[in-house]
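Undergrad: Read off the chains here:
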Amino acid sequence: MGNDGKGGTDLSRRRFLTTGGAAALAGAAAAAIPGAARAAEAGAVPKRWDETVDVVVVGTGFAGLTAAIEARNAGAKVLVLDKMPVHGGNSIINGGDFAAPANAFQKDAGVQDSPELMLKDMLKAGAYLNHVELARMVAENANAALEWSRTYVGANFNRLNFHGGHSVKRSVQTANQSGSELVNKLLAKARSLGVEVRLRTKLERLVVKDGRVLGLQVRKGYAWPREDSGEPAFLKARRGVVLATGGFSQDVKLRQVHDPRLTDKFESTNHPGATGEALLAACQAGAMDVQMDWIQLGPWTSPDEKGFGQVPQVCERIVGYGLMVDPKTGKRFFKETGNRKERADAIVLLGHPAVILGDSVNVGKQVVPKVLNKAMEAGAVRRFDTLEAIAQAYGIPVQPFLEQVTRWNGFVEKKSDPDLGCMIFPDAKPNVAPPFYAMRLWPRVHHTMGGLVIDTEARVIGFDMKPIVGLFAAGEVTGGVHGAVRLGSVAMADCVVFGRIAGRNAGGGKAWA
Amino acid sequence: MASKLLKTSGPALLAALLVTLAPRVAGATVRLDPKARPGDCAACHGAAKVLPPGHVATRAMKAADCARCHDPAGPKALGAKLPSGHRHGLAGVGCADCHGKAAKPQPASVEACLACHGPAAELVKKTAAVKPENPHDSPHWGPQMECSVCHRQHEATVNWCAHCHTFDFKVP
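Line by line, the protein sequences give chains A and B.
This note's numbering puts the first sequence at residues 1 to 513.
This note's numbering puts the second sequence at residues 514 to 685.
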């Protein structure tokens with residue numbers, strides 16, 4: 001992967017191996033490899049296509065399934081592929097929060113918001129590196145995308161949440177606190193419209209001729225993670241291909257190309273298939289990538305459980321209510337409501353996990369009981385009768401810690417934090433009522449902001465600065481929307497907004513054959 | 514050119530598939546013989562010692578014979594000792610029952626599994642008490658996961674949840 005010249009050679013060799021590797025063929029194979037490799041690099045068009053559809057969508061997360069539905073509704077015959085044996089990618093293990101300005105839940109709660117304010121928040125967090133026109137598309141269309149998800153797709157959202165870096169509470173959460181609510185409803189809707197979804201099928205190469213994507217070469221029956229599994233096949237896409245293959249947080253080799261600090265010592269919240277080969281296949285077909293070294297760590301994961309886990313949904317609900325301390329000093333060290341990058345950097349700088357805590361009133365009000373119970377069963381969130389017991393459990397110096405809690409409670413009373421500028425919510429209460437809940441925090445690789453360059457029509461831009469005809473992309477595989485930092489809950493908005501655009505444009509495109 | 518080669522190598526492809534399907538026994542070559550009696554270890558494993566020393570002869574055995582010593586509910590249960598594909602064989606389920614009768618064997622479909630083990634709703638009920646989550650009704654996929662994601666027949670089973678969770682499921 002990422003090894004341009006050799007990629008084609010490896011593919012050819014693998015193909016020979018799986019076909020039985022007959023000794024008699026070995027000589028011919030060896031002679032054939034260089035030619036085959038050159039042909040692959042040049043984007044050879046197969047003499048015969050194994051299958052023909054109008055639109056091929058690669059990826060079964062929010063963006064892919066959304067694109068499939070819209071392409072189908074634009075009149076296209078649609079085939080959706082996923083290399084994994086399960087559908088949903090990262091979307092199906094995500095927390096189900098969807099940022100949408102001026103949404104119905106905000107109106108009910110009396111929260112003032114606007115697309116302009118969301119754009120401002122995205123640009124500020126993104127260090128103004130965002131491709132502004134893309135960020136604006138997300139901010140301006142997020143609420144329509146949320147309403148489409150609720151009313152047309154039928155996904156159930158029932159709660160308004162805050163996420164670090166946003167000016168207001170604007171994230172609406174699924175009723176089961178998981179992206180699976182939306183993914184599974186999207187899948188059911190897509191199937192009901194006649195979209196075929198095929199798992200265990202891996203994109204290997206885009207077939208491109210004269211600046212137009214004609215289709216793709218895949219491995220059918222691919223058994224992740226065995227790279228030699230499955231059989232090659234060519235799929236013709238008469239109108240277009242939509243790449244919705246997600247990011248590369250689990251691709252240690254690729255992420256280290258762009259950020260050498262992110263060695264295999266850093267775990268990831270992502271599903272194990274979140275690797276970058278589809279993104280690289282697009283690059284090999286002439287697509288341009290951007291901002292690949294902006295790789296985000298989530299500051300709310302726990303070293304006491306695996307993966308994304310339960311703690312993010314406890315930690316993120318109590319920022320602006322409880323306090324986060326450095327266990328070495330007992331003191332706060334960074335504003336709890338800061339954006340992901342700021343907070344993750346601050347914890348990594350400590351060199352050891354931070355501790356965040358809240359009392360029974362704040363936690364009881366803010367955290368979904370089922371989530372809290374699961375986090376406690378996992379041993380990642382612990383319950384304590386006294387603050388002293390917390391200090392003892394995490395090796396925090398008692399006196400400075402107690403003083404810090406008292407100081408924080410004073411800020412909560414005044415709704416203002418002169419020390420670190422943390423946002424304190426109007427309904428926050430001083431943390432005085434036992435039991436107390438505490439957890440350790442250590443960041444994990446969560447989101448890759450960089451990816452394929454697209455325009456506002458979700459067309460992938462090539463190194464000649466022109467759209468590659470017939471190639472569209474949406475979601476985490478793209479770059480530029482979020483700039484340096486993606487704010488929490490804007491991924492769902494990004495995926496559904498651009499998934500819809502990509503699907504409509506691919507489905508309504510002109511057929512090449 | 515490569516795809517042409519593929520088409521001309523049908524038998525070789527089948528052989529390759531069978532090798533991939535074959536269980537991996539440490540230090541031994543396996544030559545899969547689809548016609549072998551399920552209890553005839555040597556037919557595929559040759560001289561490799563795949564049974565513990567002193568094990569009774571299994572050549573003529575069926576699942577019920579194994580169960581006389583290996584009580585499925587007891588500590589000697591075969592679940593962790595023998596790949597599921599072997600247990601299917603011993604129970605009289607042949608290759609074609611799962612993979613179809615086509616010249617080219619197909620991966621077993623969910624429907625093939627559920628024909629004997631289903632319906633899915635029953636499987637969800639069967640594991641309802643498994644802690645900390647019902648593996649057949651996860652918060653992510655509900656009852657929609659394909660059986661073979663975890664229940665591999667010809668290689669070690671997989672605890673898919675363990676990619677992200679510390680669920681200590683014993684997957685049969």
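Keep in mind that the hints were calculated from the coordinates and are not lab data.
Bear in mind that the values here come from a model prediction, so they are computed numbers and not experimental data.
Incorrect hints may appear among the rest.
What the hints assert, rightly or not - Pairs of lysine-lysine, DSSO-like flavour, derived with a Cα cap of 27 Å:
1) Lys209/A x Lys185/A
2) Lys644/B x Lys220/A
3) Lys370/A x Lys639/B
4) Lys306/A x Lys617/B
Unchecked claim - Derived Cβ-Cβ restraints for the label pairs, each shown as a range:
5) Lys683/B x Glu51/A: 23 to 29 Å
6) Ala590/B x Phe425/A: 53 to 59 Å
7) Phe425/A x Asp584/B: 29 to 35 Å
8) His664/B x Ala144/A: 54 to 60 Å
9) Cys629/B x Val257/A: 47 to 53 Å
10) His630/B x Ala144/A: 56 to 62 Å
From the three backbone atoms N, C-alpha and C, an ideal C-beta is built for every residue, glycine too.
Undergrad: Give a verdict on every hint.
TA: Going through the hints against the structure:
Taking the CA atoms of lysine 209/A and lysine 185/A, the gap is near 36 Å; set against the 27 Å cutoff, the hint is violated. Between the alpha carbons of lysine 644/B and lysine 220/A the distance comes to roughly 35 Å, so the proposed pair goes past 27 Å and is violated. Between lysine 370/A and lysine 639/B the alpha-carbon distance is near 23 Å, which keeps this suggested pair within the 27 Å criterion. At roughly 40 Å between alpha-carbon atoms, lysine 306/A and lysine 617/B are farther apart than 27 Å, so this suggested pair is violated.
For the pair lysine 683/B and glutamate 51/A, the supplied restraint of 23 to 29 Å is violated, since their beta-carbon distance comes to about 40 Å. The hint said 53 to 59 Å for the Cβ distance between alanine 590/B and phenylalanine 425/A, and at roughly 54 Å that hint holds. Checked against the hint of 29 to 35 Å, the pair phenylalanine 425/A and aspartate 584/B fails, with Cβ atoms roughly 59 Å apart. Look at histidine 664/B against alanine 144/A: about 43 Å separates their beta carbons, and that is not inside 54 to 60 Å.
Look at cysteine 629/B against valine 257/A: about 48 Å separates their beta carbons, and that is inside 47 to 53 Å. Remark: the range hint 56 to 62 Å for histidine 630/B to alanine 144/A is contradicted by a beta-carbon distance near 44 Å.
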